[in-house]
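Visitor: Build the complex from these two chains, which are given one at a time in their own frames, with help from the hints.
Protein chains in written order, with my numbering: chain V, 1 to 105; chain S, 1001 to 1695.
Any given hint could turn out to be false.
Taking lysine to any residue and the SDA-like style, the derived pairs with C-alpha atoms no more than 20 Å apart in a straight line are [what the hints assert, rightly or not]:
hint, chain 1, residue 1, chain 2, residue 2
1, V, K60, S, D1589
2, V, K60, V, L101
3, S, K1520, S, P1586
4, S, K1076, S, I1134
5, V, K60, S, Q1530
6, V, K57, S, N1537
7, S, K1053, S, P1009
8, S, K1264, S, A1274
9, S, K1053, S, A1135
10, S, K1667, S, L1475
11, V, K57, S, P1586
12, V, K89, S, P1586
13, S, K1574, V, R76
14, S, K1574, V, D85
15, V, K3, V, D37
16, V, K89, S, E1587
17, V, K60, S, E1587
18, V, K57, S, D1532
19, V, K60, S, L1585
20, S, K1574, V, E80
21, V, K60, S, P1586
22, S, K1574, V, F79
23, V, K89, S, G1578
24, S, K1197, S, E1216
25, V, K32, V, F5
26, V, K57, S, D1589
27, V, K57, S, H1527
28, V, K57, S, L1585
29, S, K1053, S, R1137
30, V, K57, S, Q1530
31, V, K89, S, L1585
32, V, K60, S, D1532
33, S, K1401, S, V1270
34, S, K1112, S, Q1062
35, S, K1574, V, Q86
36, V, K89, S, D1589
37, V, K57, S, E1587
38, S, K1520, S, H1479
39, V, K57, S, I1528
40, S, K1520, S, N1503
Keep in mind that the hints were calculated from the coordinates and are not lab data. Given the structure is predicted, the values throughout are model-derived calculations rather than measurements.
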Amino acid sequence: MHKVFIASGLLNNVNANALKNDVASYVAEGHKIVRVDFQGVTFINSSGIGALVATLKIVKAQGGEIFLYSLNPQVRMIFELTKMDQVFKISDDRAELEELLATSA
Amino acid sequence: MATFPSSTPLVVLLADDDRSTRLILRMVLQKEGYEVVETENGALCLEAFMNRKPDIVILDAQMPVMDGFECCKRLKQLPFGDRIPVIMLTGLQTPRDMDAAFQAGVADFVSKPVHPPLLSRRLHYILKSAQSEIALRESEERYRLVVDNLQEVIFQTDLEGRFSFLNPAWTAITGFAQDSAIGQPLLDYIYPDDGPKLAHALHEMALSQLPHLRTEARFMTADGNIGWMDLYISPLMSREDTIVSMSGSFSQITERKSRQLLDKLEYSVVQVLAESMTLAEALSNLLPVMGQAMAWEQGELWQLNPVSKGIDCVEQWHSQVGSVKVPEPYLSEEEAHHFWTHGTYTLVANLFNSVEGAQGLTCALTPRSVIVIPILGGDACLGMIVFVPTSRFLGDASLLKCLDSIGAQLNTFILRKLAEEEVARYHDQMCHELRQAADYIRALLPPSLSGTVSIRHLFVPSSDLGGDIFDYYWLDPDHLVVYLVDVAGHGVQSALLSISILNVMRSRSLQNDDYYVPAKVLQALNHIFQMDMQGNNYFTMWYGVYDRVQRTLTYACAGHPPALLLAANGEVQKLSTGGIAIGLLPEIDYEQGVHEIGEGNCLYLFSDGVYEIPQDNGQVWGFEAFAQLVADEPQPQPDQLESIFSQISHINRSKAFEDDFSLIQLKFNGEESSYFVSTEDHLRFEQGTLSKARS
Chain V
1 MHKVFIASGL LNNVNANALK NDVASYVAEG HKIVRVDFQG VTFINSSGIG ALVATLKIVK
61 AQGGEIFLYS LNPQVRMIFE LTKMDQVFKI SDDRAELEEL LATSA
Chain S
1001 MATFPSSTPL VVLLADDDRS TRLILRMVLQ KEGYEVVETE NGALCLEAFM NRKPDIVILD
1061 AQMPVMDGFE CCKRLKQLPF GDRIPVIMLT GLQTPRDMDA AFQAGVADFV SKPVHPPLLS
1121 RRLHYILKSA QSEIALRESE ERYRLVVDNL QEVIFQTDLE GRFSFLNPAW TAITGFAQDS
1181 AIGQPLLDYI YPDDGPKLAH ALHEMALSQL PHLRTEARFM TADGNIGWMD LYISPLMSRE
1241 DTIVSMSGSF SQITERKSRQ LLDKLEYSVV QVLAESMTLA EALSNLLPVM GQAMAWEQGE
1301 LWQLNPVSKG IDCVEQWHSQ VGSVKVPEPY LSEEEAHHFW THGTYTLVAN LFNSVEGAQG
1361 LTCALTPRSV IVIPILGGDA CLGMIVFVPT SRFLGDASLL KCLDSIGAQL NTFILRKLAE
1421 EEVARYHDQM CHELRQAADY IRALLPPSLS GTVSIRHLFV PSSDLGGDIF DYYWLDPDHL
1481 VVYLVDVAGH GVQSALLSIS ILNVMRSRSL QNDDYYVPAK VLQALNHIFQ MDMQGNNYFT
1541 MWYGVYDRVQ RTLTYACAGH PPALLLAANG EVQKLSTGGI AIGLLPEIDY EQGVHEIGEG
1601 NCLYLFSDGV YEIPQDNGQV WGFEAFAQLV ADEPQPQPDQ LESIFSQISH INRSKAFEDD
1661 FSLIQLKFNG EESSYFVSTE DHLRFEQGTL SKARS
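Bound conformation, chain S alone (with noise of 0.2 Å):
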C-alpha cells in the first residue's frame, strides 16, 4: 500500500524492455495502489518523466537505445530530476556496477527476477525517504526565506561575542558585508561609547544568568554615520547550564531615535528661550540645556569683544555626568588662545558669511569636528555658541536642520530682547517722567489752613497723571477762593494743561479780572481753553468764593461733579449748577449758586476720580454711593479724608487708582456769635438758597 499523505496515486515509471518483466511488475504496483507508466528504453523513459512527472522511477539497467546508467545520469539533470528516487533493476550485481550506478544517482537496487514482496518495501521506504527528506529542504527553504527577508537583523555568536552568523538585514542596515563581519566581535560595531556599557550588560547578562538583555545602543555603519538600534540578546545554553553562544537580533531605530533627540533639543531650547529674562541668561543657560540634551562633550559661548573686535570665550560647559571617557578638550589651551584670541572680527565675519546658520566645522589647528552656533542679532553678528561632539560629529542634515532652526529662533529672541528692552527703557523713562510731573504738581498744591476756615485736602495721583489739579487762597481778608479742575485723559499732556490753569488762575492773568464771580471765571477760562478735534484739552472745573462777612457761598460749576456740603446735623447739599466743561464748545453762559453757610458746616470738594471706581459686576461704583458714604461719616474727626479714602481704596480693592484721587475738605468755623442761626432757620434758609440757586 502506498500510504503516504496523497489524495492522488504516488505515480511510477517503468522503463524495462522486457515485456514479460513489465506486465508482472504493473501488476504488483497497481495491486499497492500505485499508477504505473511503462516505457521501453532509457530514451522514452526520459520523454515519460517530463511528461508525467512521477513520484519514482524503475529502470532496467540493461536496455536497448539508452540503458538504464546512462538514462539515470540524465534524468538527474532534468528539473527536480535529482529530487526523485529511482531504483535499478539488475541481473548481475557487480562492484563496478555498482559503483557506476550509484555515481549515476541510483538510490537502491532490486535484484532479478523481482520478488514482488521485496520491491514493494523497498518502494514504500525509498519514497517516504525522499519525501521526508523534500520537505525538509522545503522547511529549511523557507526558513531561509524568511530570515533572508527580515527587516530585522538577526546573528549569532560565539562566547566572545564574535559573530559566526549574520541575515542579510545585517548588510542593509550597518552597510558592512555579511562575510567580513564574520568572525568580528559585535562590540566592534557598537558606537564607542555605549560599546563599555553594552558590554557591561552581557557580562551582567552571563553572571547573573538572565534569561535575555535588552537594550538600545548607537552603531556605527559603513559610510561614517551612526545608527540607533534596539538590540536583543539570549545566551545559548548546554545541557550543562553553561553559555555556548549567544544568539540575538536587533532593528534598526535610528529615525525615531534621531527625531525624538532633535524634539527634545527644540523642545529644552524654545523652554529656555521662553524663561530667560535676559540674552545672557538664555545664552549661558543654552549651553547646559543643549550639551545634555545631545550628550554632546563641550560647550562654550564665545561673543564679539567691541574693544579688540576679536571675539573672547566667556562661558565653558563641561559634560561630567556618568562619563565614561574623559572628555579631551578639542583645542588645547594654547591652540585655543592662537585660534581665538587672534582671530579678528573678520575671521569671525568670514565664519558667519559661509555657514548658513549651524554648520559642522573643522577647526584647523584640530582633527576634531566641531558644531557651531552663529549668535546673531539681525545683521549683527554677536558671538557663536561652540558645541565639541562627542567622539565623533554626528553630521546628519536632520540635526543641521534643527540646529538651524534654533539659530533663527535665537535670532528672534534676540532681536525680541532689544526691542523689549528698547520699549523697558521707554517706559521707564516715561514713568520717570510721569513721577517727576506729579511730584511738581504735588509740590504746586497748596498747603492747609486753618482759621476761620480750615482746609485740608488728599491728592493720591494716579499712576499714569489723570489732570486734576486745584487751589484755595484768600483774595482778601474777607474772601477765601477755592476750586479744582480735572483735565481730560491723562498723562504728561493733560498735567501740563491743568498747570497752565493753574498759572493762569495764580496769575490773575483772566482778561475779565473778577475772580470774585464764578460764572465770569469760567467763562474767561472757556474762551482762553478751547480743545482740539481730537476731543483732548478740556477740563470741569468747580469754582467757590466764600464771604466770611456774608457768610455765604457763592460757586460755578462746569461739567464737574457736584460739592458736597454737609450741615451739623448730618444734612447734605449738592452744590452744582449748570453749564458743560471748559474747551468743549465756545460762548457758554455759566449759571453761578449762592449759598448760607452755617457754622460747622463742612464743604467737600472732589474730582471723579473718588467715585469712578469699576466693580466686579461691571458698575461703576457711582456719585451717589460716594455722597452716601461721605454722609455716613460721623463728624467731625481730625482724619476724616484719611477715613474716606481707606474706605474708597477698599472698595478699589486696593489696587492703584485709575484717576487721579483729590479730596478738598473746608470746614467753616463759627467765630463771630452774631452770625449764629439756629439749626432749624438755617436748614430752612438753605433750602430756600438751594432751589433759588438750581432755578
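Extracted from the complex, chain V is given alone in its bound form (with noise of 0.2 Å):
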C-alpha cells in the first residue's frame, strides 16, 4: 500500500506547513507520487493555499507529481474560485485516483 497524507481540519498556515515538511521529507526519499486525502479538510485559507503551492513546487523539483482526493464540496469550490484546480490533480477518490494512476503508468 502507498503512503497516503492525510489532511484534516482548517488547513492554514500551520498544518499546511506541517504537511509541506512531511511530503517534503518524504519525496527527499526518492518517492514520485505523492497522495494526500483531504476528506477531512473542512477549509483552506490562503496562507493554507501558499503553504500547498509551495508543496507542489517541492514536489515538482523532485520530479514527482501531487494528487489530491476526496475534496468536501466547500472545499472544492475553493479551489474552483481560486483556480487552484488548474494546478493540482484532483480526484473524487481514491479508487479513482488509483485507476489514474494505473491507466498513466
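Guide: The structure is reproduced here in C-alpha cells:
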C-alpha cells in the first residue's frame, strides 16, 4: 500500500506547513507520487493555499506529482474560485486516483 | 445460708487449736453452705490463706506457735489480706485485748463458747459489708481509670471558676501540672483575646440559668503556644436551685482549627490574586483579607522607593471589628519613622536574605513580634507586607509554611503580571501599528467617481488587516481601469505587500507597460512577486479595463473570486478567467475575457472577505450565497453598498469581520444614445461574449 498523507480540519499555514515538511522528507527519500487525502479538510484559507503550492513546488522540483482526492464540496469550491484546480491534480476519491495512476503508468 | 451472688461456695478459713471447737464450727458452717478450711495455729493459717484465698477468716485469739493477734497482723500484710475480714474468737474480752485486736485489723469478735446462730449472723453481716466495700472500691478504680485515661480534660471548678478537680489529660494537653492548676481560675489559662468573651458567656449561663455552655476558645500552653479547645461547661445546682460549682470538659481541636484557619487564609489569598488585575490592587486587597482571616491586629504594606532606596509604608490596615481590647501600635510613630525611614535598601536586602519566605521577626525597637512577608518579583525585592498579630505571635511551623506558600504565590503572581503587562504593551503597540497601517491604506484608496461611470466603494479592514487594496482611475479619457488585490495572510506584512503592489501599479513601472491588457498586467506582476517557501506573500487579483467608446469590459483574474455584473433586468454574470493567484508559481499564462456593457449595468468587485463568513454549522456562508444576495437587492438605490454590508454583518452576527471587507460598485451610465441597445439584443450579445470569454 502506498503512503497517504491525510490533511484535516481547517488547513491554515500551521498545519499546511506541517504537511509540506512531511511531504518534503517523503520525496527526499526518492518517492515520486504524493497522495493527499482531503476528506477531513473542512476549509482552506489563503495561507493554507500558499503552503500547499509550496508543497507542489517541492514535489515538482523532485520530478514528482502530487494528487489530492476526496475534497468536500466547500473546499472544492475554493479550489475552483482560486483556480487551484488548474495546478493540482484532483480526484473524486482514492479509487479514481489509483485507476488514473494505473492507466498513466 | 450464704446468700451471696456467687456460684461457688464461700470459703471460711478457720484457725483454732481446740479440735472440738473446730468440729462444731465446721458442722455449723457447712450447714450454712460454706466451705471450711481448718488449721491448728496462726502460722498454718497464713499458709492456708495463701493457698486457698478464703472469703473470711476466723481466728482463735489464743493459739500455740502463733496466736490470733499476730496472725491477723501478718495476714493483713499479705496480698489481698487487707480486703478479707477477720473474726476473732475470744474467751475474755478485755478492753486491752479488744484494742490490740482492732489494731491488728480484726473486724469483729465472737465469744467462746460459740453460739452458732450468733456466729452465723455475724459472718453473714461481715461478709456482706466486705463484699460491698470491694464492689465500691472496684467501681471507683474503674472510674478513675476511665477519667485518668481520657483524651478529654474533665474538670470541676468552684463558683468563682477556680479548678477543684482536673484529670491527667489537663497536663497532657496544656503542659501545666494538675497540682499547680488546682485553685487557679480557668480563665487564667484562656488566651487573653478569648477570655472576656468566655467570661461573658459564663456570666450569661449563670444569669439565664442555662443548662450548659458549649464554645470554642483558645488556651495557653506551658511552652508558650496557643491551642484551641472545644469547651463544655454545666453548672452543678444545689437543692435550692443555686449554682454551687461548675463541671465540664474540653477536648483539643488545635490541629483542626489551625488547618481550617490556614486553609481559609490560603484560599482567600488565592482568590484575591485571581481577581486582582494589577499588583497594586492585589497588594492593597491582601492586607485586609489576610489580616481578617488570621484575626491579626494590624497590617502594613511597605514598598521600595527607587529614588531614596528606602522603603515607604504605602498602606495601613487596622482591625476594627468587634475588637475587645484597643489595638496598640507595635511601633510608635517616632519609632516607625526611625526604623523604616532610615532603613536603607541594604537593611531590607539583608532582611530578605536572612529570611526564607516568611518569618516571625522581632523588631529591634519593640518587644512585639511582627510577621514579614517579602514581596519578591523574581530576584527583585519590591517591598514587604508586615502584620502585627494580636497579643502574641502565633509562631507555629504550619503558619510559617503557609505564609511561605503565600509568598511564593505572590511572587508567581508578580512575575505573571509583569509578563502580562509586557504582552499587553506589545499587543497595544501591535494594535496601534495595525490601526496606523489600516488608516494609511484607507488614505491610499481612491475617492468615489461620478460621470460616465460612477464608482463607490466600501472598505472595512479587519482588526489585524487582511491585505486588501484596490484602485480605479481613467488611463485616458476613454479607458477606465479598476482592480482589486487580496494579499494572502494577515497583519502588517500583508498590508506592506498590498501597498507595494499599489505603488508598482500607480508608478506604472511594470516592464510590459501595457495597462490596457489585463492578462499582461497580471503576468508582469507574477514575474515581479514570487512568494517565499512558507507560502506567504502571494495575492489574488481581478483587473479590468472599461472602454467607454466600445462599451466593453476587458478583464483578467488571478485566483480571485469572479466579479458580478448585474444587467438592468436583474440577470447576473460572473466575470472570471483562468489563472491562479500571483506569486504562487512562475510562468503562468493568464487569460482574459471581454464583456459588452449595457446601459445601467452594474459591476461588483470584491474580495473573499465579503462571503467567507463562518456559520454556526461549521460551514462557510460562501460565494454563491453572496451572489444571490447581490442579485436579490432591489436596484438601484443610493446606499446599495451599505445595505449589502449591513445584511452580511447580520449574517456574521455583528461580530468583527475576520478578513478585510472590500466591495466596489461600478455603475455604467448611458451617455450616448447611439450606444443604446435593447435589452433582448443586449442579453443575446452578452451570453455570446461570456461563452467566448470562458473558452
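Visitor: Decide, hint by hint, whether the structure agrees.
Guide: Okay, the hints, checked on the actual structure:
| no. | hint | verdict |
| --- | --- | --- |
| 1 | V:K60 x S:D1589 | holds, 18 Å |
| 2 | V:K60 x V:L101 | holds, 17 Å |
| 3 | S:K1520 x S:P1586 | holds, 14 Å |
| 4 | S:K1076 x S:I1134 | holds, 15 Å |
| 5 | V:K60 x S:Q1530 | holds, 17 Å |
| 6 | V:K57 x S:N1537 | holds, 15 Å |
| 7 | S:K1053 x S:P1009 | holds, 13 Å |
| 8 | S:K1264 x S:A1274 | holds, 15 Å |
| 9 | S:K1053 x S:A1135 | holds, 17 Å |
| 10 | S:K1667 x S:L1475 | holds, 18 Å |
| 11 | V:K57 x S:P1586 | holds, 10 Å |
| 12 | V:K89 x S:P1586 | holds, 18 Å |
| 13 | S:K1574 x V:R76 | holds, 18 Å |
| 14 | S:K1574 x V:D85 | holds, 18 Å |
| 15 | V:K3 x V:D37 | holds, 10 Å |
| 16 | V:K89 x S:E1587 | holds, 18 Å |
| 17 | V:K60 x S:E1587 | holds, 14 Å |
| 18 | V:K57 x S:D1532 | holds, 11 Å |
| 19 | V:K60 x S:L1585 | holds, 11 Å |
| 20 | S:K1574 x V:E80 | holds, 13 Å |
| 21 | V:K60 x S:P1586 | holds, 13 Å |
| 22 | S:K1574 x V:F79 | holds, 16 Å |
| 23 | V:K89 x S:G1578 | holds, 16 Å |
| 24 | S:K1197 x S:E1216 | holds, 11 Å |
| 25 | V:K32 x V:F5 | holds, 14 Å |
| 26 | V:K57 x S:D1589 | holds, 17 Å |
| 27 | V:K57 x S:H1527 | holds, 16 Å |
| 28 | V:K57 x S:L1585 | holds, 8 Å |
| 29 | S:K1053 x S:R1137 | holds, 19 Å |
| 30 | V:K57 x S:Q1530 | holds, 12 Å |
| 31 | V:K89 x S:L1585 | holds, 15 Å |
| 32 | V:K60 x S:D1532 | holds, 16 Å |
| 33 | S:K1401 x S:V1270 | holds, 15 Å |
| 34 | S:K1112 x S:Q1062 | holds, 11 Å |
| 35 | S:K1574 x V:Q86 | holds, 19 Å |
| 36 | V:K89 x S:D1589 | holds, 18 Å |
| 37 | V:K57 x S:E1587 | holds, 13 Å |
| 38 | S:K1520 x S:H1479 | holds, 16 Å |
| 39 | V:K57 x S:I1528 | holds, 18 Å |
| 40 | S:K1520 x S:N1503 | holds, 18 Å |
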